[in-house]
Structures are given as C-alpha cells and as structure tokens.
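2 protein chains.
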Amino acid sequence: MFVILVYDVNEKRVAKALKKCRQYLTWVQNSVFEGNISEATLRRLILELEKVLDLSEDSVIIYKFQNTWYSERQIIGIEKNPVDFMT
Amino acid sequence: MFVILVYDVNEKRVAKALKKCRQYLTWVQNSVFEGNISEATLRRLILELEKVLDLSEDSVIIYKFQNTWYSERQIIGIEKNPVDFMT
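Quick note, the sequences are listed as chains A and B, same order.
Here this note's numbering is used: the first residue of the first sequence is 2, the next is one more, and so on.
Here this note's numbering is used: the first residue of the second sequence is 2, the next is one more, and so on.
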C-alpha cells in the first residue's frame with residue numbers, strides 16, 4: 002500500500018525519528034515521508050518509532066491508501082526530493 | 002475531493018501561508034492540512050498561495066484523492082487537531 006507519514010516531534014527526538022522513518026520510507030519534505038510499504042513492515046516501523054518518541058508529546062499521522070487510483074500529487078514551488086510513488 | 006497539503010516554507014512567509022491554508026483546509030499538525038475541497042476552490046487556494054510564497058525557495062505538496070475508499074488514517078502519539086475527513 003501507499004503511505005504518507007507526517008510527524009511533529011520534539012527537537013530532542015526528531016533526529017532519531019528521521020533516521021527511523023528513512024529506513025522504511027522516502028523523505029520528501031520537512032517532516033514528510035512517502036512510499037509503498039506492506040502492512041507488516043509498517044507495523045514494524047510503528048513499533049520502532051514508538052520506542053524513540055514521547056507518545057504524550059509527539060504526533061505522527063500515517064495516511065494509508067490501498068491504491069493510488071484517482072489520486073494525484075501536485076508540487077507548488079520547489080520539489081525537495083522528487084519521487085513518483087503515485088504514478 | 003480529499004486533499005492533504007504539506008508545506009515547507011521560509012519562516013519569513015510561513016505565517017501568511019498558514020493563514021491562507023486555514024481559510025480553505027483544516028490544520029492538523031505542524032505544516033499539514035487536510036480537507037474536502039472542490040477542484041475550483043483548490044485552484045483559488047493555489048493562486049493565492051503562489052502570491053505569498055517564494056516559489057524558488059518554498060515547497061508545497063498537495064496530495065489529491067478523488068475518493069478515500071480503501072484508505073485509513075492512523076495516529077501515533079497525540080492528535081494535535083482531531084478531524085475525520087477520511088471516515
């Protein structure tokens with residue numbers, strides 16, 4: 002499935018969160034990751050993220066899409082890291 | 002259609018970008034907005050954003066989904082602004 006992960010993490014923990022997300026997904030913009038990932042692998046990422054985050058303070062939203070039909074990605078301004086998962 | 006908008010905007014311009022996006026979409030997390038919006042209204046938002054941004058430096062990604070079937074939204078940690086567009 003295709004996922005978009007966005008996080009809002011305290012500065013003290015953000016480097017670890019970034020490193021963890023980059024192991025599984027592609028960084029596309031400040032605090033935003035995208036990619037195709039299986040349910041099982043995503044569960045593993047979530048478990049590992051939960052170990053480095055403070056769940057009472059940090060926030061992660063994961064948008065999961067079983068398919069990307071009828072969907073599109075539009076860039077305004079510069080593209081920090083060109084990807085094409087949604088094509 | 003359902004959209005997720007994420008931006009990475011220079012501090013000098015981010016207040017204006019935030020204000021503009023909030024007129025059309027719901028703020029859900031730092032630099033992240035969601036909502037249901039028509040193609041025409043989204044075009045208007047984009048035109049207005051282009052006036053406040055520096056397109057050679059700032060970056061906006063807009064994910065557009067004609068429907069949210071087979072999709073899901075998962076929160077890890079706290080939810081900064083509870084919304085339910087994807088239900």
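No lab work stands behind these hints: they were computed from the structure.
Since the model is a prediction, treat every value here as computed from it, not as a measurement.
Treat each hint with caution, since some may be false.
[Said to hold, decoys possible] Cross-link-like lysine to aspartate or glutamate pairs, in silico, EDC-like; alpha carbons within 16 Å at most:
id, chain 1, residue 1, chain 2, residue 2
1, B, 81, A, 9
2, A, 81, B, 73
3, A, 81, B, 55
4, B, 13, B, 58
5, B, 65, B, 55
6, A, 21, A, 51
7, A, 17, A, 55
8, B, 65, A, 49
9, B, 13, B, 40
10, B, 65, B, 12
11, A, 65, A, 40
12, A, 20, A, 9
13, B, 20, B, 49
14, B, 81, A, 85
15, A, 13, A, 73
16, B, 13, B, 73
17, A, 65, B, 85
18, A, 17, A, 40
19, B, 20, B, 9
20, B, 81, A, 40
21, A, 21, A, 49
22, A, 81, B, 85
23, A, 21, A, 73
24, B, 65, A, 85
25, A, 20, A, 40
26, B, 21, B, 49
27, A, 65, B, 73
28, A, 13, A, 55
29, B, 17, B, 73
[Said to hold, decoys possible] Have a look at the derived ranges for each label pair, beta carbon to beta carbon:
id, chain 1, residue 1, chain 2, residue 2, range
30, A, 68, B, 17, 32 to 40 Å
31, B, 67, A, 37, 14 to 22 Å
32, B, 68, A, 20, 31 to 39 Å
33, A, 49, B, 82, 22 to 30 Å
34, B, 68, A, 52, 30 to 38 Å
35, A, 11, B, 40, 19 to 27 Å
36, A, 11, B, 11, 21 to 29 Å
37, A, 41, B, 24, 35 to 43 Å
38, A, 56, B, 40, 19 to 27 Å
Using N, Cα and C, we set each Cβ at its ideal position, and we do this for glycine too.
Here's how the hints hold up against the structure:
The suggested pairing of residue 81 of chain B with residue 9 of chain A holds, with an alpha-carbon distance near 9 Å, which does not exceed 16 Å. Between residue 81 of chain A and residue 73 of chain B, the direct Cα distance comes to roughly 26 Å. Violation of the 16 Å bound is thereby established for this hinted pair. About 14 Å separates the Cα atoms of residue 81 of chain A and residue 55 of chain B, which keeps this hinted pair within 16 Å; it holds. Distance hint between residue 13 of chain B and residue 58 of chain B is fulfilled; the C-alpha atoms sit about 12 Å from each other, no more than 16 Å.
Distance check on the hinted pair: residue 65 of chain B and residue 55 of chain B sit about 23 Å apart at the alpha-carbon level, beyond 16 Å; violated. At roughly 11 Å between alpha-carbon atoms, residue 21 of chain A and residue 51 of chain A fall within 16 Å of each other, so this suggested pair holds. For the hint pairing residue 17 of chain A with residue 55 of chain A, the CA-to-CA distance comes to about 12 Å; that is within 16 Å, so the pair holds. This hinted pair does not check out: residue 65 of chain B and residue 49 of chain A have alpha carbons roughly 29 Å apart, beyond 16 Å.
Restraint check: the Cα-Cα separation between residue 13 of chain B and residue 40 of chain B comes to about 29 Å, which exceeds 16 Å; the hinted pair is violated. Proximity of residue 65 of chain B to residue 12 of chain B is assessed by CA-CA distance (about 26 Å); at most 16 Å being required, the pair is judged violated. With a C-alpha separation of about 10 Å, the suggested pairing of residue 65 of chain A with residue 40 of chain A holds against the 16 Å cut-off. For the given pair, residue 20 of chain A sits about 14 Å from residue 9 of chain A by alpha-carbon distance, which is consistent with the 16 Å threshold.
At roughly 11 Å between alpha-carbon atoms, residue 20 of chain B and residue 49 of chain B fall within 16 Å of each other, so this suggested pair holds. Proposed proximity of residue 81 of chain B and residue 85 of chain A is contradicted: the alpha carbons are some 29 Å apart, above 16 Å. For the suggested pair residue 13 of chain A and residue 73 of chain A, the alpha carbons sit about 34 Å apart, so the restraint of at most 16 Å is broken. For the hint pairing residue 13 of chain B with residue 73 of chain B, the CA-to-CA distance comes to about 34 Å; that exceeds 16 Å, so the pair is violated.
The suggested pairing of residue 65 of chain A with residue 85 of chain B holds, with an alpha-carbon distance near 14 Å, which does not exceed 16 Å. Between the alpha carbons of residue 17 of chain A and residue 40 of chain A the distance comes to roughly 22 Å, so the proposed pair goes past 16 Å and is violated. Distance hint between residue 20 of chain B and residue 9 of chain B is fulfilled; the C-alpha atoms sit about 14 Å from each other, no more than 16 Å. At most 16 Å may separate the alpha-carbon atoms for a hinted pair to count; residue 81 of chain B and residue 40 of chain A exceed this at roughly 25 Å.
A threshold of 16 Å between alpha carbons decides the hint, and for residue 21 of chain A with residue 49 of chain A the separation of about 7 Å falls inside it, so the pair holds. A threshold of 16 Å between alpha carbons decides the hint, and for residue 81 of chain A with residue 85 of chain B the separation of about 29 Å lies outside it, so the pair is violated. At most 16 Å may separate the alpha-carbon atoms for a hinted pair to count; residue 21 of chain A and residue 73 of chain A exceed this at roughly 27 Å. This hinted pair checks out: residue 65 of chain B and residue 85 of chain A have alpha carbons roughly 14 Å apart, not beyond 16 Å.
For the hint pairing residue 20 of chain A with residue 40 of chain A, the CA-to-CA distance comes to about 20 Å; that exceeds 16 Å, so the pair is violated. For a cut-off of 16 Å, the pair hint linking residue 21 of chain B to residue 49 of chain B stands: about 7 Å separates their Cα positions. Our distance criterion of 16 Å between C-alpha atoms is met by residue 65 of chain A and residue 73 of chain B, whose separation comes to about 5 Å. For the hint linking residue 13 of chain A to residue 55 of chain A, the alpha-carbon distance of about 10 Å falls within 16 Å, and the restraint holds.
Taken as a hint, the residue 17 of chain B and residue 73 of chain B pair is broken in the structure, with Cα atoms around 30 Å apart against an allowance of 16 Å. For the pair residue 68 of chain A and residue 17 of chain B, the beta carbons lie near 36 Å from each other, so the given range of 32 to 40 Å is met. Residue 67 of chain B and residue 37 of chain A have their C-beta atoms about 20 Å apart, which keeps the hinted 14 to 22 Å range intact. Between residue 68 of chain B and residue 20 of chain A the CB atoms are about 35 Å apart, so this pair conforms to the stated range of 31 to 39 Å.
Between residue 49 of chain A and residue 82 of chain B the CB atoms are about 26 Å apart, so this pair conforms to the stated range of 22 to 30 Å. Range check, residue 68 of chain B to residue 52 of chain A: Cβ separation about 35 Å, and the 30 to 38 Å hint holds. Separated by about 37 Å at the C-beta atoms, residue 11 of chain A and residue 40 of chain B break the suggested range of 19 to 27 Å. The hint said 21 to 29 Å for the Cβ distance between residue 11 of chain A and residue 11 of chain B, and at roughly 22 Å that hint holds.
For residue 41 of chain A and residue 24 of chain B, the Cβ-Cβ distance of about 41 Å falls inside the hinted range of 35 to 43 Å, so the restraint holds. Taking 19 to 27 Å as the suggested C-beta distance range, the pair residue 56 of chain A and residue 40 of chain B does not conform, at roughly 38 Å.
The structure does not agree with the numbered hints 2, 5, 8, 9, 10, 14, 15, 16, 18, 20, 22, 23, 25, 29, 35 and 38 stated previously, though it agrees with the rest.
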